[in-house]
Amino acid sequence: MSVRKEDYESPVENHWCPGCGNFGILNAVRRALVELELAPHQVLICSGIGQAPKLPHYLRVNTMNGLHGREVAVATAAKLCAPDLCVLVHAGDGGAYGEGGNHLLHAIRRDVDITLVVHDNKVYGLTKGQASPTTSLGEPAKIHPRGVPSRPLNPLALAIALECGFVAQALSSRTDLMTDILKRAVRHRGFSLVNVLQPCVSWDKVRTYAFYDQHCAPVPPEHDAGDAVAAFRLATSRPFLLGVFFERQGTPFDERVLPQGSGPLRDLPVEPRRAEHIARRFR
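Residue numbers (numbering that gives the first Met the number 0): 0 to 282.
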């Protein structure tokens, strides 16, 4: 099977701001899927509300666009129903680490075989630049003119402390490295977190493309990604490193939950009367 970039082209008009870091992420995701030789029908991208969750609109793939912060929960259900699908989640730092923080913790704990790509621009871009969970302490923001009073969340350190199966960081403007990281994340059997640093050209005048070019550096080549202590030390001391911080292989959630040889849940027979009874409970 030969997969081409054109297979993923979407007719949907793009509504991101000119120069948005999301464009680099979109290009890297498309390129990674093509290089992995995954056809569009083999891929599901779950997203919620925001600028980052618009990404699946601009790719011709299976898409579930739902509630803000609930993307990981939906993706977990999808992977259990169709474990043969490549399931990705795209969320902003607000949706993933704020409203969706509870789902993130338990998805890591379960080691669900999905890849979460977080577009971390450190603001709520869709709603005009309010502070997000990763905004720096003391930084002025839309509703914090005197500075954000809370310490920022360190998503890499959090994930490593929870022994997340795969933890990496990329930069939206360095698409070659991001493509390689995404391919490795998708191949990993278990939960993968890829935090992507990106500028918000409309609402953040500090962390520009030039800022990230000046501050970002690769994870040291001598770093052992299997060493959680070393990975945690890097994540807490050098927040702008790019590359794979930590990786460990366990048994993915779907393999522990689904009986061996049972096949995808979607293939199980459903009694119409029982399905109607369940549906009535949600009306």
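If you are wondering where the hints come from, they were derived from the structure by calculation, not from laboratory data. Everything numeric in this text was worked out from a predicted model, so none of it was measured. Please note that the accuracy of each hint is not assured.
As the list claims (entries may be wrong) - Below, a list of computed lysine-lysine pairs in the DSSO-like style, where the Cα atoms sit at most 27 Å apart: (1) Lys204 x Lys4; (2) Lys4 x Lys53; (3) Lys141 x Lys4; (4) Lys127 x Lys4; (5) Lys127 x Lys182; (6) Lys182 x Lys141; (7) Lys182 x Lys204; (8) Lys127 x Lys204; (9) Lys53 x Lys204.
What the hints assert, rightly or not - Taking CB as the label site, the calculated pair distances span: (10) Leu136 x Val269: 48 to 56 Å; (11) Asp266 x Arg186: 32 to 40 Å; (12) Leu104 x Arg232: 31 to 39 Å; (13) Pro268 x His214: 49 to 57 Å; (14) Arg237 x Pro268: 50 to 58 Å.
For each residue, glycine too, the CB sits at the ideal point set by N, CA and C.
Evaluation of the provided hints:
no.: 1; hint: Lys204 x Lys4; verdict: violated, 33 Å
no.: 2; hint: Lys4 x Lys53; verdict: holds, 19 Å
no.: 3; hint: Lys141 x Lys4; verdict: violated, 39 Å
no.: 4; hint: Lys127 x Lys4; verdict: violated, 33 Å
no.: 5; hint: Lys127 x Lys182; verdict: violated, 32 Å
no.: 6; hint: Lys182 x Lys141; verdict: violated, 36 Å
no.: 7; hint: Lys182 x Lys204; verdict: violated, 31 Å
no.: 8; hint: Lys127 x Lys204; verdict: holds, 13 Å
no.: 9; hint: Lys53 x Lys204; verdict: holds, 23 Å
no.: 10; hint: Leu136 x Val269: 48 to 56 Å; verdict: holds, 51 Å
no.: 11; hint: Asp266 x Arg186: 32 to 40 Å; verdict: violated, 25 Å
no.: 12; hint: Leu104 x Arg232: 31 to 39 Å; verdict: violated, 22 Å
no.: 13; hint: Pro268 x His214: 49 to 57 Å; verdict: holds, 56 Å
no.: 14; hint: Arg237 x Pro268: 50 to 58 Å; verdict: holds, 53 Å
Taken one by one, the earlier hints fail for this structure at numbers 1, 3, 4, 5, 6, 7, 11 and 12, listed in ascending order.
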